[in-house]
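*Asks:* Residue numbers (the numbering used here), protein chains in the order written: chain A, 17 to 214; chain B, 17 to 214.
Since the hints were made in silico from the structure, they are not lab data. Heads up, a few of these hints could be off.
If several chains are the same, the list does not tell them apart, and a pair holds so long as it fits within one copy or across any two.
Said to hold, decoys possible - No farther apart than 30 Å at their CA atoms in a straight line, the calculated lysine-lysine pairs in the DSBU-like style are these:
(1) K142 <-> K174
(2) K54 <-> K182
(3) K54 <-> K177
(4) K54 <-> K116
(5) K40 <-> K177
(6) K113 <-> K182
(7) K174 <-> K54
(8) K140 <-> K177
(9) K182 <-> K40
(10) K174 <-> K40
(11) K40 <-> K140
(12) K40 <-> K54
2 protein chains.
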Amino acid sequence: MEYYSNQINRLIEELARLPGIGAKSAQRLAFYLLNQPKDNVRQLAETIMDAREHICYCKECFTLTDRELCPICSSSQRDHSTIMVVENTRDLAAYEKTGKYDGVYHVLHGAISPMLGIGPGDIKLKELMTRLQQDISEVIIATNSSLEGETTAMYISKLIKPTGIKVSRIASGVPVGGDLECIDEVTLLRALEGRVEL
Amino acid sequence: MEYYSNQINRLIEELARLPGIGAKSAQRLAFYLLNQPKDNVRQLAETIMDAREHICYCKECFTLTDRELCPICSSSQRDHSTIMVVENTRDLAAYEKTGKYDGVYHVLHGAISPMLGIGPGDIKLKELMTRLQQDISEVIIATNSSLEGETTAMYISKLIKPTGIKVSRIASGVPVGGDLECIDEVTLLRALEGRVEL
Numbered sequence: 017m018e019y020y021s022n023q024i025n026r027l028i029e030e031l032a033r034l035p036g037i038g039a040k041s042a043q044r045l046a047f048y049l050l051n052q053p054k055d056n057v058r059q060l061a062e063t064i065m066d067a068r069e070h071i072c073y074c075k076e077c078f079t080l081t082d083r084e085l086c087p088i089c090s091s092s093q094r095d096h097s098t099i100m101v102v103e104n105t106r107d108l109a110a111y112e113k114t115g116k117y118d119g120v121y122h123v124l125h126g127a128i129s130p131m132l133g134i135g136p137g138d139i140k141l142k143e144l145m146t147r148l149q150q151d152i153s154e155v156i157i158a159t160n161s162s163l164e165g166e167t168t169a170m171y172i173s174k175l176i177k178p179t180g181i182k183v184s185r186i187a188s189g190v191p192v193g194g195d196l197e198c199i200d201e202v203t204l205l206r207a208l209e210g211r212v213e214l
Numbered sequence: 017m018e019y020y021s022n023q024i025n026r027l028i029e030e031l032a033r034l035p036g037i038g039a040k041s042a043q044r045l046a047f048y049l050l051n052q053p054k055d056n057v058r059q060l061a062e063t064i065m066d067a068r069e070h071i072c073y074c075k076e077c078f079t080l081t082d083r084e085l086c087p088i089c090s091s092s093q094r095d096h097s098t099i100m101v102v103e104n105t106r107d108l109a110a111y112e113k114t115g116k117y118d119g120v121y122h123v124l125h126g127a128i129s130p131m132l133g134i135g136p137g138d139i140k141l142k143e144l145m146t147r148l149q150q151d152i153s154e155v156i157i158a159t160n161s162s163l164e165g166e167t168t169a170m171y172i173s174k175l176i177k178p179t180g181i182k183v184s185r186i187a188s189g190v191p192v193g194g195d196l197e198c199i200d201e202v203t204l205l206r207a208l209e210g211r212v213e214l
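Whenever a hint applies, use it, and build me the whole structure from the sequences.
*Replies:* As structure tokens, then:
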């Protein structure tokens, strides 16, 4: 690309490496940034570096945070005997947005996937088992409803069952507001199997 | 958003300010960056800052470049007597990709838009008129085919006509490979008006 200067090309290439950003979007972003006041651009760059430098895992639940204990683990208003196991911090945030769950979390940072070569040792499973030596009444498995999420859920439940702690799995079924004819067969069957008496 | 730490929230907010990036994409990008090796993230941040610090306008055609004269203006292989007027550097790049235009460019950095309060003084028009005092044989106006682009084209042509320099406008019509039934009426009429004898 002889028509842009090297620095612009490098910027476009770097931006195009981000997930969900293709060549055209990278170009648009690059020229947007080049037209912004220098201070705004410096602030963006510094925020990116700062966040990456200072973020670490919460030593209790392993979510991403900038403190030793995340706000949820350090709160006395949460029920520390109920642990919801999620795949990542975004899933944690999704449940927090409901505002109705008052237990704590455990972030696995992945799911077991033999296809991708991710085994039980590659996610924060050992750390979960260590936490279970405390006084825990229930573990709710909220991994995704994908093949990897289901495999992980099965694996964890088998691991926990012998300890006598209650293990549950969030329900699969038709999403609220979902139109039956638009929903795949597997979900429809799950919704039937998981039917509840009214 | 109590469930993320401040630094993550700030990163998400900064990313969500970029054009075409909504709240969900900003979250996805933020967690992608937090999971990348520190060196990669630092490189991205530095590329952004570097590009913004070192990019300036080419003193001849006003495209964005990191040199005093852009590669096109400093090339002896280009025809410096033909100037193509474009709205921005991306449009310049679009024509450069065709590989068939061997003149030089003039980047306006915008288009006249009374709606947005952008007048002739807000784009690089005075600079274009100054360039025309050199030996120029033709000015090709390649602003967009939008209301603003058309207004700008009309304005420029009226300004240049008295100097006796040839002024032309890129053709409007049916895009190559375009299906007639999918094309709007205005374009169809333009294509009819602009018909060429075979």
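*Asks:* Are the CA atoms of K40 and K177 at most 30 Å apart within a copy, between copies, both, or neither?
*Replies:* Result: close neither inside a copy nor across copies, 51 Å intra and 36 Å inter.
*Asks:* Is it within, between, both, or neither for K40 and K54, if the alpha carbons may be no more than 30 Å apart?
*Replies:* both (23 Å within a copy, 26 Å between copies)
*Asks:* Should K113 paired with K182 be assigned to within, between, both, or neither, using CA atoms and 30 Å as the limit?
*Replies:* within (25 Å within a copy, 63 Å between copies)
*Asks:* Cα distance capped at 30 Å. Does K142 pair with K174 within a copy, between copies, both, or neither?
*Replies:* Within one copy, since 14 Å is at most 30 Å while 75 Å is not.
*Asks:* Up to 30 Å between alpha-carbons, please classify K174 paired with K54: within, between, both or neither.
*Replies:* neither (55 Å within a copy, 36 Å between copies)
*Asks:* If the cutoff is 30 Å on CA atoms, where do K182 and K40 land: within, between, both or neither? Let me know, please.
*Replies:* neither (50 Å within a copy, 34 Å between copies)
*Asks:* Are the CA atoms of K54 and K177 at most 30 Å apart within a copy, between copies, both, or neither?
*Replies:* neither (57 Å within a copy, 39 Å between copies)
*Asks:* At most 30 Å between alpha carbons: which applies to K40 and K140, within, between, both or neither?
*Replies:* Cα proximity of K40 and K140: across copies only (25 Å, versus 37 Å in one copy).
*Asks:* With identical chains treated as interchangeable, where does the CA-CA distance between K140 and K177 reach 30 Å or less: within a copy, between copies, both, or neither?
*Replies:* Answer is within: at 18 Å inside a copy they meet the 30 Å cutoff, but 72 Å across does not.
*Asks:* Can you give me the call for K174 and K40, within, between, both or neither, at a CA distance of at most 30 Å?
*Replies:* neither (47 Å within a copy, 34 Å between copies)
*Asks:* Measure nothing new, just compare the shortest in-copy and cross-copy C-alpha distances for K54 and K182 to 30 Å and report within, between, both or neither.
*Replies:* neither (55 Å within a copy, 39 Å between copies)
*Asks:* 30 Å Cα cut-off: does K54 pair with K116 within a copy, between copies, both or neither?
*Replies:* neither (43 Å within a copy, 36 Å between copies)
Going down the numbered hints, you'll see the structure goes against 2, 3, 4, 5, 7, 9 and 10, while the others check out.
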